[in-house]
Amino acid sequence: MDDGNAYDGLVEADPDARWAFGTGFHDTLAGVDDALPPSVDRAQLATYCLMLGDDALIMAQRLTQWTTCAPELEEEVALANIALDLLGQAGPLLARAALADPTTVPSLPPGSPVPPQDALAFFRDPRQFRNVRLTEIENGDFAASTVRLLVFSTWRLALLQRLVGSCDAVLSAVAAKAVKEVAYHRDYAARWFVTLAQGTQESRRRMASGLEAVWPYVQELFVAHRVELDLAVAGAGVDPAKLRADFDQVIATVCAAAELHPPPTASAAATPGGRDGVHSAAFAELVTEMQSVARAHPCGRW
Amino acid sequence: MSQTQESWPLYEVFVRARRGLNHVHVGSIHAADDEMALRHARDVFTRRNEGVSIWAVRSDLIAASSPGEKDAFFAPSGDKVYRHPTFYQIPDTVPHM
Amino acid sequence: MTQTETLAHEPRTFEQLIAAGERIEPRDAMPDAYRATLIRQIAQHAHSEIIGMQPEGDWLTRAPSLRRKAVLLAKVQDEAGHGLYLYCAAETLGADRADLTANLIEGRQKYSSIFNYPTLSYADVGVIGWLVDGAAICNQVPLCRSSYGPYGRAMIRVCKEESFHQRQGYELLVTMMAGTREQQEMVQDAVNRWWWPALMMFGPPDTDSPNTAQSMAWGIKRHTNDELRQRFVDMSVPQAHALGVTLPDPDLCWDERRGSHDFGQPDWSELARVIKGDGPCNAERLARRRAAHENGAWVREAATAFAARQRQAVVA
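Protein chains in written order, with the numbering used here: chain A, 1 to 302; chain B, 1001 to 1097; chain C, 2001 to 2316.
Bear in mind the hints are in silico, worked out from the structure with no lab data behind them.
There may be inaccurate statements among the hints.
As the list claims (entries may be wrong) - Covered stretches of chain C, as calculated for chain A (at least 3 residues, CB under 8 angstroms):
id, region
1, 2108–2116
2, 2246–2259
3, 2274–2286
As the list claims (entries may be wrong) - Now the stretches of chain B that chain C is said to cover, found in silico as 3 or more residues with beta-carbon under 8 angstroms:
id, region
4, 1007–1016
5, 1032–1046
6, 1050–1056
Heads up, the beta-carbon is just placed ideally off N, CA and C, and yes, glycines get one too.
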């Protein structure tokens, strides 16, 4: 073996083997028809894609904040995997929103090379984000983050499973792939939920506090926005109210295993909520940080 | 050597890269129990589509993933092409890269 | 060769295996000093991967495009994975990850001094990929042939994965150089700040590196610090040219006679200061690692307690 070139030592008989071990990578949207379904209002479809894309983006942003702070190295890797899956879902959803209704994309200086999905992520004001508030609340400790991840992935999985049947081929394809990802996220969160609830006195106390902190944001997940209702009728989207039974059943199973009781859910969610662009104070901070580099260079190339 | 309450035991990890091959030892991870060991092994050692099956072994106990979990276990890394260097466009004229 | 014949052979000694260029494996007899040197080297390498997550990790929440955010997260995640592979290699020598972590956060073991420099702009993410990971690859590729089997195998995996790290960095810089004038200036500024620390990554000059001879005799180290530094400079110069940036060394020039570049010497007193703990970010880096470890203690304890309870339930 010759070390003359730093990479020579890695070259093996198979020319691809020097790069990595895996093969068979695929593009989720390869071969998917991106024509807009005629029965669906374009502006509404765009808003709906923003809702689902923003949920994934903001949740990924919060998960990313665990990097270098996780309780063990293996958990660093696991949490980053979940954030990467969600980022992978956000991209095509924001791109779909831009395609369905180009007027949703913030205008940038002439000649700006920023692609539309990035313009949406990095140049919208906080009020224009459509994510549910559950995704934006601060991480808290690992217990609170676990509760939030369990709630989010249980709800999103129920949503995605129905979205596979969407008449919009892109939404259907994104959902079909995301179902497998989010099933794993839910499994990860449920295991930690039970482990921490049944671990030590300290961990059980923290789980109880985590439940208290997260539960006020649960009801909002099932309140249908006008756009969600209309798209459900058109066969492109899902009415979130219909997800409640599935959600309650999964949470009841996990809580039974954990021997923990979730606090009662408020009968009505505070409206307007995240779907209407109304967010918490912490959200403005999160968005400002996320967008700071991109906004400093509106004509930048990355 | 300290084995305090907070340090998890070591597991050896074996991955079957694709059908037709043996499980091969790829390294080790720490986990509190067998289930966590499998998940840690999945997260750490199959980030690049490397595997279709995992064994995690603590001393003489063997735990293996079940085939039914294949999709949720392994499909998510199927689109993370940015983990591969060939994903990056580098001009051909740049040497040693 | 039949099994009988194999068994008939006297087991080869450590010295015979090393002389034959064979690998040493965990259960082989080995000199205490070989074991201790390896544990120290592998642990420092592992610590460097884990602390090395921080300078770039600081830009994760601010990455300026969805693609760059995913790329950077995958990269920082890899570093956690690499630290993990290396700690496990050290564990095959009888070390314990919890002890090694304690050595790091209590300041008893070192990590690469490069990670004590701050990242000041997003161009730093690119330059770290290009120069810092490039230097790391020069250091690490020869380690794939380390005489200690588990270390060599861990390094093969690390090097394969790191080849993406360097390319994503260089690609970011190429893209930024095609962007606005401000972006081009950010790239040059980052190169100016990281070039000398990158050269220091290969360690002090050979004349001032007392452990090199023994490590080379044992096959733990394959090249001297100065050999690797020269190789890195020779690789980087044409890459800098293609990128359109200047390397901040007035003495840098091609030496026809040697077929290599001549270059200036880094400020070795600065390296000594940073290694001693006086770098711009030493305290901050260790404090963050310590906080993560301490804040995670209750989680690790809970998982241990839960596992113990599950085992009891199975027995009962």
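Hints, verified against the model:
1. 2108–2116: Contact hint for the region 2108–2116 of chain C vs chain A: violated, 0 residues under 8 angstroms.
2. 2246–2259: violated (count 0)
3. 2274–2286: violated (count 0)
4. 1007–1016: holds (count 3)
5. 1032–1046: holds (count 4)
6. 1050–1056: violated (count 0)
Hint compliance for this structure: hints 1, 2, 3 and 6 are broken, all remaining hints hold.
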